[in-house]
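*Asks:* Here's the letter readout for the chains.
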Amino acid sequence: MTRQVKVLVLTGYGLNCDMETAHAFKMAGAAPERVHINSLITGDVRLEDYQILVFGGGFSWGDDHGAGVVQAVRIMTGLGDRIRHFIAEGNLVMGICNGFQTLVNTGLLPGFDGDYTRREVALLHNDCGNFRDQWVDLSVNQESPCVFTKGMDFLPLPVRHGEGKFYAAPEVIHRLEVSGQVVLRYAGRDGSPAQGAFPLNPNGAVNDIAGICDPTGRVFGLMPHPEAFTHFTHHPDWTRLKAEGRILQEKDLPGLNIFRNAVAFFKK
Amino acid sequence: MQARLEITLKPELEDAEGLALQKKVKDVFGIELDAVRCVRILTFDAELTEAECILARDRIFCNPVSQEASFEPLALDFDGCIWVGFRPGVRDNAGATAMEALSDVLGRSFGPEDTVYTSRRYCIKGKGLTEKLMDRIAGELLANDIIQQWQVFTKESWDVKEGVGLILPKVRLNHEPEVTTIPIDSDATLQAVSQARNLALNPNDVPVIRRYFLNGQTLALRREKGLEQPTDIEIEYIAQGRSDHCNHNTFRGLFRYRDLETGETEVIDNLFKTCIQNPTLKMQKEKDWVVSVLWDNAGAARFDDHWNYVITGETHNSPSNMEAYGGAITGIVGVYRDPLGTGKGARLIMGSYGFCVGELDYDGPLKPRLHPRRILDGVVEGVRDGGNKSGVPTPFGQVTFHSGYMGKCLVFVTALGIMPKAVAGAPGHEKTTSPGEHIIMCGGRVGKDGIHGVTASSETFSAHTPAGHVQIGDPYTQKKMHDFLLEARDAGLIAFITDNGGGGLSSSIGESARFAGGCTVALDQVPLKYEGLDQWEIWVSESQERMTVSVKPEHLEAFMALSEKHAVESTVIGTYTDTGYLEITWKGKTVAWIHMDLLEEGFPQWEFDCEWIPPKLRGLYEPVIGAPSDYNGVLKTLLARPNIASKEWIVRQYDHEVQANSVIKPLVGRERDIPSDAAVIRPVLDSERGIAFTQTLLPTYSQIDAGAMTAAVIDEAVRRLLAVGGGLSEMGGVDNFCWPDIQYHPEKNPDGRFKAAQLVRSCKALQAMCEAYQIPLLSGKDSMYVDGHLQGPFGETRKVSGLETLQFSATAMVENVWLCQSMDVKNPGDRLYLLGETANELGGSEYYEWMGYVGLHVPEVDPEAFLPLYQALEKAMKMALVNSAHAVARGGLGVHLALVAMAGCRGLNVDLGPVKIRGDIPVEREDILLFSESCGRMLVTVSREKEKAFQELFDGLPCACIGEVLENDILRICGRQGKELVHTCMADLKQSFKKPFGDRI
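As they're listed, the protein sequences go chains A and B. Counting along the first sequence from 1, when you hit position 39 you're at 39 in UniProt numbering, and nothing is skipped either side. Counting along the second sequence from 1, when you hit position 693 you're at 693 in UniProt numbering, and nothing is skipped either side.
None of these hints come from the bench; they were simulated from the model. These figures come from a predicted structure and were not determined experimentally. Misleading hints may appear alongside valid ones.
Computed footprint of chain B on chain A, listed as stretches where at least three residues anywhere in the stretch have a Cβ under 8 Å from a Cβ of chain B [to be verified]:
# : stretch
1 : 31-39
2 : 64-76
Distance condition first, Cα-Cα at most 30 Å in a straight line; then the derived DSSO-like pairs of lysine-lysine [to be verified]:
# : chain 1 : residue 1 : chain 2 : residue 2
3 : B       : LYS948    : B       : LYS916
4 : A       : LYS6      : B       : LYS565
5 : B       : LYS916    : B       : LYS616
6 : A       : LYS26     : B       : LYS421
7 : B       : LYS565    : A       : LYS26
8 : B       : LYS10     : B       : LYS225
9 : B       : LYS10     : A       : LYS251
Beta carbons: idealized from backbone N, C-alpha and C, even for Gly.
Sequences are here, hints too, so could you generate the full structure?
*Replies:* In structure tokens:
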């Protein structure tokens, strides 16, 4: 039997999706642990003992100074070198919602030219002006090096955020597009791009961008919540799908498949 | 040094906050502004070097991708500029996290004097921006003078170098804390003190208090402690403990009920005991799933063999009425401490909201402090930030508009948690304090917050007096504490835990010390937000985000270490004892010493006279109406009524899926836009078991009879739970009463006796229904005095009272969430059934309300007749025979046919001919059939293959097939004589349903 992949899911300071994120990794066959940010900074828990590091959803430090900003400061001050080393060693880093916001504020994304310190993109207040919980349809860029979305082309997931509008200068956007670092795009139910139309694109993200990765494909950030689609009854239409005889089995749950891909990466 | 950092979005980026203000100005004042840009301001009052300031700007506060920032005023062009900041002492959450971030980046800690203050300025372009208009924009849209201050600048008055200046809202009390003694030489003296200090002591309590302190034996013992006359701390403690809020004197009162028609009289000694406690305790004995009720912060019921769930509901009306955002966020964050303080602590798994406000388009002569529009915006945002930032899903809620709530709005907040059956080898729901254990205060610090509630609002402000009476909840601090305390619980470190809510330490320690038999508290150890608080203020302050925990000496070290890891402040402030006394010391000297039993006994019961005048005697009658000719028009009009129309804009602001426990969401249907009957959550992720939750409220029925209102509310809750797949056998309830003042006063409350009779009738109906449906009341609260004195156009005041309101929250178990169902019709060809009978019961209905009538025939509930139907439906759901289920409620059959059709985006062909009718409804009055709100009815669809099995279950019961689901999108309803009444497409129906609030997102 192969050794289980160890996953570190950060907790503390207002983070809040840690339990279901850990659960999703457990369902995917990994051994997740929920670890307080301070335990990692003080060294009580060693990052080197894990293969996947997850910045999950929530409101770190209340998100009062831009979502994920203060968490990014704490992480880079206390752990910057260790995380960069962790990435260089071939491990995976994932940021979901507040975690994505944190990754772009640390500079771990987009990570152009192997520089994991530059802030190049931002996640701004939604154009609609409010926090919003809704399900979106996402098309997956199959040209992307992202290891988390391998073999996927389309997935529905919920978004739940007030600051999710992906924004960067045109040359940065261009570079992300050309390098295949744009992983997920808001789309219509047929998979065609939302082209900015609300509410298909729920926040006004430039080029409908919902998730990006670094050039290696091993650092991945996304606004939607894959950990919230790991059970058939999570889907907003599940009673209807059931009445139509279209029950999704556990192996077909797209949210869960993102975590399976991450775990499978280490089992090759 | 002091410095002011201004931050704004880069000019090429759209400013969503600015656009929102532009829109509000247009909506409220009808003025088109050209542009609004917002500037966030951080004012530092801390030991920082210039280099450190620049580092903080570049590393933390300014995002180089999207923002620009400067320590000089930013040169944004404007015609007018409004600055808005907090008053001293108001919780500045962003300022606090700014200090944390500074500390991180600079690698050093700061002193208590070092502070960051956040504020904003709005740079406005537009014609005709006078100072007067800006003052109105500030006062009516941007700020609330209770917690905020503002300044307006024109181009001419703006100093480009100084900007808004350096405004530091620091609290400076310049006061030496002092304990004073209270004279008690006569009842009149003490009563005068009560008035002067805003203690609201009941005159009947005064002699009891005096007797206690004047007792010779007590006096002798007090002298040994260096005390004689009562201290201000002692009197404040007693006043808190005896308040209606803490002691529920109204519900525990003596009610003399008289029916003015029949002359019959009845005396009810203690409504709470008679109608709530006794029936619930009796049910608890019979039901092993009822784990813990009516003593703790929340009730507990069995979830499965390993877990219990807990539930409670609260209101936060008066504070929300003063400052909507602050009141509501404090309310939701506050109710979330109740599960956390239940047993040894429960993890939060969901919350819900209920808002009752005046009519949004009110433009009459009365001047409420805040217009209903502003109240609703504020409470929606407050619960949003409080709930979302707590990481707790909000999958259910309701909003009700009625002019009576302009006197005082209602904000209901409900919380559910889950706790392990066993914690460190002992039952998780049990807790106690023991002599020798440490009293620990965790979480936030103590300030002048919430002292004596809203009475302080009439005091005048100076530049440095804290505006403490209205608070702003801090979900971030509480979430940290929540995570910490659950880890401490699982490590077996918590002996007892309770929250600090109303009454603060006086209530949390006073109550917890009863288990041990006494306590001694060193008040000088309590960490303060700022110096200068009097001892009694520390004792009764309601500063938020605090829990009181009892920890055994051998666990202290581990507890404090865990607290530090989670960055939560915990302080030992005393010890539980078995002396029989509550003792408070200040720097070693005893300043309060009161027998533990004082609050338990000896105080006289409150008394109420109740006069019931039946509706007919009050002159209520059925209006004379001829049937309409355009039913399409009526239906669309009802769908667009504010109480029925879509409130999707609110629902979507609430995270209802965090924790991944969502099974049935608040909005359902093909386009996910129709409100669900109930929410279902699956709180244990590796289990298929679920909890169904709903809440109901039908205040307009109280205009006829609050007893009928109560029965209908509970019946509707049962049906809503059934509709999603909840079982009948383990339903739990939470009663939240919001009632106008019931104490008769010839001038101030001339109809007090009637309102008291309404309360009695409501409580009796509550008891009867809960017994009939076997629903134990797991928790409940009452909030009296839903009255307001509003100013009229000529300076006169008019009393406005809210309708007698009961919000009923209910839970049911779902054995397997795969058997849950939603209300949207699904497949073409499915057969549509109406369960239950329809009667001529339009009294208090939406239909009558639209026409301006009340009516007389209010819906009645007959549980004996309804239950067999419900049991059959429960079976059908378990056998997966139905494709959709929905409770027929407000608006009647017509409205609810439209709702299930709109949800499914499918047409319906409906024939009213087979509808089961109770009593007599003339054939020409199909409006009665379509809009009567008779209870006990459900709409269900069944596929043709399952129809036979379904019919067998309902053999002999009032159940009629009234139509079928169509492939197309036309709702067609034919009357009993075959005449087509309604023929309209989904797009038209949805347009009506969504239009009223359609411009809100």
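*Asks:* For each hint, tell me whether it holds in the structure or not.
*Replies:* Now the hints, each set against the structure:
Counting residues of the stretch 31-39 of chain A whose CB falls under 8 Å from any CB of chain B gives 3; the rule of at least 3 is met. Using a Cβ-Cβ cut-off of 8 Å, 7 residues of the stretch 64-76 of chain A lie near chain B, which meets the minimum of three, so the contact claim holds. Of the pairs offered as hints, the one joining LYS948 (chain B) and LYS916 (chain B) holds, with about 20 Å between alpha carbons and a cut-off of 30 Å not exceeded. A C-alpha spacing of about 23 Å is found between LYS6 (chain A) and LYS565 (chain B), which places the hinted pair at or below 30 Å, so the restraint holds.
For the hint linking LYS916 (chain B) to LYS616 (chain B), the alpha-carbon distance of about 28 Å falls within 30 Å, and the restraint holds. Distance restraint check for LYS26 (chain A) and LYS421 (chain B): the Cα-Cα separation of roughly 24 Å lies within the 30 Å cut-off, and the hinted pair is therefore satisfied. Only pairs whose Cα atoms come within 30 Å are accepted, and LYS565 (chain B) paired with LYS26 (chain A) is accepted, the gap being roughly 26 Å. Only pairs whose Cα atoms come within 30 Å are accepted, and LYS10 (chain B) paired with LYS225 (chain B) is rejected, the gap being roughly 66 Å.
The straight-line distance between the Cα atoms of LYS10 (chain B) and LYS251 (chain A) is roughly 46 Å, outside the 30 Å bound, and the hint therefore fails.
Checked against the numbered hints above, the structure breaks hints 8, 9 and satisfies the rest.
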